[in-house]
Amino acid sequence: MNKLFLGLLVLTLLACPLSAARKALVIGNSDYSNSPLRNPVNDARAMDKTLRDLGFQVTVGYDVKNYREMLRLIQDFGAGLKEGSVGLFYYAGHGVQYNGVNYLIPTQADIRRDQDIELEGVSLNRVLAEMEYAQNDLNIIILDACRNNPYASRLRSPMRGLAATTAKNIPGLLIAYATAPDDVAEDGTGSNGIYTEELLKNIKTPGLSLSQILMKTREGVISRTGGDQIPWDSSSLTKDFYFASATGNVPATLLPEEAQVQTVSNYGSIIVSSSQDADVYLDGNPKGKVSPAADLKISNVTVGNHSLEARSSDKSESKSLYVGKNQENVAHFAWTPDNMVYVEGGSFMMGSNDGDDEEKPVHKVTVSSFWIGKYEVTQAEYSQYMGPIYSWSSELGLGDNYPAYNVSWYAILKYCNLRSLAEGFNPCYTISGSTNPANWGTVPTSSNPTWDAVICNWEANGYRMPTEAEWEFAARGGVKSKGYKYSGSNNLGSVAWYDGNSNDKTHEVGTKAANELGIYDMSGNIGEWCWDWFDLSNYTKNLSLDPQGADAGSWRVLRIGSWFSEEFFCRVAFRFFSFPGGTSSSGFRVARAK
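No gaps in the numbering here: position 58 of the sequence shown is 58 in the working numbering, and each next residue is one more.
Wrong hints could be hidden among the right ones.
Said to hold, decoys possible - Straight-line alpha carbon distances no greater than 30 angstroms define the calculated DSSO-like cross-link-like pairs of lysine-lysine that follow: (1) 239 to 201; (2) 325 to 297; (3) 414 to 505.
Unchecked claim - For each label pair, taking beta carbons as the anchor points, the in silico distance ranges come out as: (4) 115 to 289: 46 to 52 angstroms; (5) 307 to 206: 41 to 47 angstroms; (6) 457 to 499: 34 to 40 angstroms; (7) 225 to 548: 44 to 50 angstroms; (8) 453 to 319: 39 to 45 angstroms; (9) 499 to 432: 15 to 21 angstroms; (10) 360 to 320: 42 to 48 angstroms; (11) 304 to 207: 37 to 43 angstroms; (12) 537 to 223: 51 to 57 angstroms.
The set of hints was computed from the structure by calculation and includes no laboratory data.
Every residue, glycine too, gets a C-beta built ideally from N, C-alpha and C.
Please put together the full structure from these sequences, using the hints given.
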């Protein structure tokens with residue numbers, strides 16, 4: 001008995017604790033129109049049940065149709081990972097490699113050419129980025145996705161299986177594949193794939209460490225396939241992990257609170273988040289308060305349809321949602337800010353091969369969701385916090401609804417923080433250790449090292465400039481883009497005031513047609529500052545996830561389509577620059593974090 005106790009104690013000390021919060025995202029895609037698969041949804045359902053029985057809080061996605069749906073699942077999963085927790089991502093379905101990167105394929109992906117893989121598939125690097133950002137104790141990625149490439153006949157250079165993505169750059173990560181790199185796995189003839197069936201059998205076995213589970217799974221798959229399929233993994237783990245304790249179950253006292261409820265009742269829970277302070281009501285009954293800094297959890301919600309309402313001091317927003325059995329449902333109240341447009345995150349090809357050298361090479365960029373101004377900041381809005389600019393004139397456009405022009409990049413920093421403070425938001429910019437512009441001194445009119453060293457808090461909910469990538473993504477129409485040359489049309493005159501129709505002056509904002517997202521004037525009226533330092537070679541650096549520009553420089557990015565610009569300069573891909581202390585006849589529009 002003493003030896004048994006000592007052995008269990010050693011396991012407990014060496015392993016990640018069973019009591020650590022366990023979160024999982026499980027996706028199974030079977031219903032592909034061109035190449036359906038027998039097992040992935042069944043595999044995902046079996047994995048879901050097993051993980052729940054072992055104390056995981058599981059989010060599931062079955063037959064996820066498109067890039068946006070899959071990315072949203074991954075983003076929400078990443079947001080739920082906390083320091084000290086265990087994260088597990090399981091995917092079964094079609095997966096392909098392209099240029100050494102692995103892509104998970106939604107069921108309705110329209111892939112006709114090699115480059116479509118980047119636009120229609122979700123890069124495994126996105127999952128890795130979420131896990132790396134969370135900095136939690138342990139992350140596990142399981143990929144039963146190494147089937148034959150269903151698009152091989154359409155592609156110029158199809159590759160077998162998945163590439164060898166390794167765990168070398170993220171501590172505490174394990175990536176497990178159903179078969180070796182560049183090889184394919186069998187879908188199986190039963191209700192489950194061979195790899196997942198073997199894996200689940202071993203995960204359920206009490207007292208097996210993660211490394212032992214993978215070894216036994218490998219042995220089982222090799223035996224059943226006659227050596228044709230050899231599971232493979234890459235690990236940077238420094239300690240082992242146990243799905244099930246040596247006693248044969250996970251003690252109830254070690255389960256997360258919500259997991260205890262899920263195993264014995266017919267309820268779910270709701271995690272409510274909000275971009276501003278609000279009171280939350282479920283089916284008309286008060287449930288508590290939520291704020292940008294503190295989510296609200298509503299437990300023991302009966303399975304079925306419910307109405308959820310958030311009430312702030314001056315408005316309210318409502319949602320309808322279905323609460324599933326044993327599901328942790330997420331509801332976010334974004335609170336549409338006045339004169340702002342919500343830009344749903346996604347990926348796009350940034351740059352142009354038809355423009356100047358600084359627009360090349362065209363490269364894939366993924367942008368997280370954010371808010372951006374529907375209009376350029378007007379003279380009335382700017383004057384409220386900064387006072388009018390003496391050079392505004394009737395010859396160039398003067399009035400409350402005209403855009404604020406002749407604004408320097410430095411001045412925008414001050415405007416954004418003043419407006420954020422006035423409206424009760426957390427300011428984004430810090431200069432010399434302070435977010436209060438009263439401590440910054442006079443806005444410089446020439447290059448200033450102190451102001452150049454400004455720090456942006458990207459998590460703050462206040463106003464800021466968009467990054468260059470955010471700006472171009474929004475100008476192109478975001479996930480609703482129709483691929484226009486200009487923002488909203490291939491006919492510049494319908495969406496922009498430029499040198500061909502402006503009569504050499506600005507015009508009131510929003511008097512031309514909007515783009516696909518309902519945003520106005522992104523190809524004309526005035527040029528617009530972005531956050532980034534300008535770097536001629538920046539596009540060659542393959543900064544693909546929420547890029548924020550170069551680390552330093554002499555100029556800031558300016559997207560210059562304006563009332564005096566020729567058509568070439570009004571394209572959504574055109575890049576320009578100016579000194580941050582100069583005005584360059586330009587203005588700006590604000591952005592905010594999701």
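Violated hints - listed by number, lowest first
Those not satisfied come down to hint 9.
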